[in-house]
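Using the hints, position chain B against chain A.
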Amino acid sequence: DSGVTQTPKHLITATGQRVTLRCSPRSGDLSVYWYQQSLDQGLQFLIQYYNGEERAKGNILERFSAQQFPDLHSELNLSSLELGDSALYFCASSVGGAFSTDTQYFGPGTRLTVL
Amino acid sequence: DAKTTQPTSMDCAEGRAANLPCNHSTISGNEYVYWYRQIHSQGPQYIIHGLKNNETNEMASLIITEDRKSSTLILPHATLRDTAVYYCIVRVAEGAQKLVFGQGTRLTINP
Chain A
7 DSGVTQTPKH LITATGQRVT LRCSPRSGDL SVYWYQQSLD QGLQFLIQYY
57 NGEERAKGNI LERFSAQQFP DLHSELNLSS LELGDSALYF CASSVGGAFS
107 TDTQYFGPGT RLTVL
Chain B
661 DAKTTQPTSM DCAEGRAANL PCNHSTISGN EYVYWYRQIH SQGPQYIIHG
711 LKNNETNEMA SLIITEDRKS STLILPHATL RDTAVYYCIV RVAEGAQKLV
761 FGQGTRLTIN P
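Chains as they are written, first to last, in the numbering used here: chain A, 7 to 121; chain B, 661 to 771.
Next up, chain B with everything else stripped away, as it sits in the complex:
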């Protein structure tokens, strides 16, 4: 699986959009970008995933650059409950199904 690089920590004001970047410059054409988050010591929570196109669901939006070497997770109106560690993960479409977690970004939402 391709390696990802994320900032160690970020801050965002409550009610503002939180933009979390992820670099995956060695990503291959058949690899997906997944985002999970972990609130305190709870189980990781799936947020969103995409291959090439931008994706949106009820939790967030995922913007993938045209060359697919980086992506941004957007939480449109961050709340205090969005404070968590956010993991960007690249997975191949076939073969190994495990998730490889990096260190993630610790996002703190401030009141």
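Chain A with its partners taken away, still in its complex shape:
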């Protein structure tokens, strides 16, 4: 158990819909990262938040957005869903700060299925 929690575990929805994935980081961690894992793309970085502010962006679609709240939990919002958005979505957390050598710990993931 990494200490990172994600809800829900599974999500099944239809094309065109909007969903919200939630992540609670480990106690004391200020950084939250979102990753997407699809069959054809592997594990890809989407976005990072540090202490409530966006710090880095990866290959995140415009239909996707995220935020980190004052209690440090984070939400990933996916809208206008397409079949290709079906994937595992992982959240990771780390202490954060200026240096990247702090270790990222991953949550169990949310499996999104778009029908």
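Calculated directly from the structure, the hints in this document are not laboratory data. We put the beta carbon where it would ideally sit given N, CA and C, even for glycine. Possibly wrong hints are sitting among the right ones.
Per label pair, the in silico range of CB-to-CB distance [claimed, not checked]:
| id | chain 1 | residue 1 | chain 2 | residue 2 | range |
| --- | --- | --- | --- | --- | --- |
| 1 | B | R676 | A | P14 | 38 to 44 Å |
| 2 | B | G689 | A | E88 | 26 to 32 Å |
| 3 | B | T686 | A | T109 | 33 to 39 Å |
| 4 | B | M719 | A | K15 | 23 to 29 Å |
| 5 | B | R676 | A | S71 | 46 to 52 Å |
| 6 | B | A677 | A | L67 | 41 to 47 Å |
Chain B is nowhere near these chain A residues, computed Cβ spacing over 12 Å in every case [unchecked claim]:
| id | residue |
| --- | --- |
| 7 | Q23 |
| 8 | R24 |
| 9 | V25 |
| 10 | L52 |
| 11 | G58 |
| 12 | L67 |
| 13 | F75 |
| 14 | S85 |
| 15 | L89 |
| 16 | G102 |
| 17 | Q110 |
| 18 | P114 |
Derived SDA-like pairs (lysine to any residue); straight-line CA-CA distance at most 20 Å [what the hints assert, rightly or not]:
| id | chain 1 | residue 1 | chain 2 | residue 2 |
| --- | --- | --- | --- | --- |
| 19 | B | K729 | B | H709 |
| 20 | B | K729 | B | T665 |
| 21 | A | K15 | A | T109 |
| 22 | A | K15 | A | S92 |
| 23 | A | K63 | B | V760 |
| 24 | A | K15 | B | I699 |
| 25 | A | K15 | B | H700 |
| 26 | A | K15 | B | S701 |
| 27 | B | K712 | A | T26 |
| 28 | B | K712 | B | D742 |
| 29 | A | K15 | B | Q702 |
| 30 | B | K663 | B | T686 |
| 31 | A | K63 | B | G762 |
| 32 | B | K663 | B | S730 |
| 33 | A | K15 | A | Q43 |
| 34 | A | K63 | A | K15 |
| 35 | B | K712 | A | S8 |
| 36 | B | K663 | A | N65 |
| 37 | B | K663 | A | G64 |
| 38 | B | K729 | B | Q705 |
| 39 | A | K63 | B | V752 |
| 40 | A | K63 | B | T665 |
Just chain B now, with coordinates in the frame of chain A:
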């Protein structure tokens, strides 16, 4: 981040040491070598990381060559639960904090 090369798959007998190689010939002096693994579709699990020196923890040992162009992750007594995809990742010490995952090595531990 430097590119890494890993074998696509490996097999190891239960109870034996599993040695997973990783080439990172373009690694820079300020880049760390990290290892994660992913069991089935679970979240990636941190294993170990190092810069220059060999490292050991309760899960594994990391051997980095003197020129730092390659490394080996060693699981000393592999069990069936070690069957997973193992990712070798090179990260800079400053700047971008994301992890860049390659295809990894699918390690199968056989009874």
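Do the hints match the structure? See the list:
1. B/R676 <-> A/P14: 38 to 44 Å: With Cβ atoms ~40 Å apart, the hint holds.
2. B/G689 <-> A/E88: 26 to 32 Å: Given range 26 to 32 Å: violated, Cβ gap about 43 Å.
3. B/T686 <-> A/T109: 33 to 39 Å: violated, 23 Å
4. B/M719 <-> A/K15: 23 to 29 Å: holds, 25 Å
5. B/R676 <-> A/S71: 46 to 52 Å: holds, 48 Å
6. B/A677 <-> A/L67: 41 to 47 Å: For A/L67 against B/A677, whose Cβ atoms are near 43 Å apart, the range 41 to 47 Å holds.
7. Q23: With a cut-off of 12 Å, A/Q23 remains clear of chain B, as the shortest Cβ separation is near 23 Å.
8. R24: holds, 24 Å
9. V25: holds, 19 Å
10. L52: Not fine: 9 Å to the nearest Cβ puts A/L52 too close to chain B.
11. G58: Since the minimum Cβ distance to chain B is about 16 Å, A/G58 lies beyond 12 Å and the statement holds.
12. L67: holds, 16 Å
13. F75: The claim holds: A/F75 sits with its nearest Cβ about 20 Å from chain B, beyond 12 Å.
14. S85: holds, 23 Å
15. L89: Consistent with the label, A/L89 stays out of reach of chain B, its closest Cβ about 19 Å off (over 12 Å).
16. G102: At roughly 8 Å from the nearest Cβ of chain B, A/G102 sits no farther out than 12 Å, so the non-interface label is violated.
17. Q110: About 6 Å separates A/Q110 from the closest Cβ of chain B, which leaves it inside 12 Å; violated.
18. P114: The assertion about A/P114 is violated, with a minimum of 5 Å to chain B.
19. B/K729 <-> B/H709: holds, 15 Å
20. B/K729 <-> B/T665: holds, 11 Å
21. A/K15 <-> A/T109: Violated, at about 24 Å.
22. A/K15 <-> A/S92: At roughly 13 Å apart (the allowed maximum being 20 Å), A/S92 and A/K15 satisfy the hint.
23. A/K63 <-> B/V760: holds, 13 Å
24. A/K15 <-> B/I699: Given pair A/K15, B/I699 holds - Cα atoms ~16 Å apart, limit 20 Å.
25. A/K15 <-> B/H700: Within the cut-off at roughly 15 Å; holds.
26. A/K15 <-> B/S701: Holds. A/K15 to B/S701 sits at ~12 Å (cutoff 20 Å).
27. B/K712 <-> A/T26: Not OK: B/K712 and A/T26 at ~42 Å, beyond 20 Å, violated.
28. B/K712 <-> B/D742: Distance of about 26 Å is beyond 20 Å: violated.
29. A/K15 <-> B/Q702: With a Cα-Cα distance of about 11 Å, the restraint between A/K15 and B/Q702 holds, given a limit of 20 Å.
30. B/K663 <-> B/T686: holds, 7 Å
31. A/K63 <-> B/G762: holds, 19 Å
32. B/K663 <-> B/S730: Between B/K663 and B/S730 the Cα gap is close to 11 Å, so the pair holds against 20 Å.
33. A/K15 <-> A/Q43: Distance ~14 Å between A/K15 and A/Q43 Cα, so the pair holds.
34. A/K63 <-> A/K15: violated, 24 Å
35. B/K712 <-> A/S8: violated, 27 Å
36. B/K663 <-> A/N65: OK: B/K663 and A/N65 at ~18 Å, within 20 Å.
37. B/K663 <-> A/G64: Roughly 17 Å separates the two Cα atoms, so the pair holds.
38. B/K729 <-> B/Q705: violated, 24 Å
39. A/K63 <-> B/V752: Given pair A/K63, B/V752 holds - Cα atoms ~17 Å apart, limit 20 Å.
40. A/K63 <-> B/T665: violated, 25 Å
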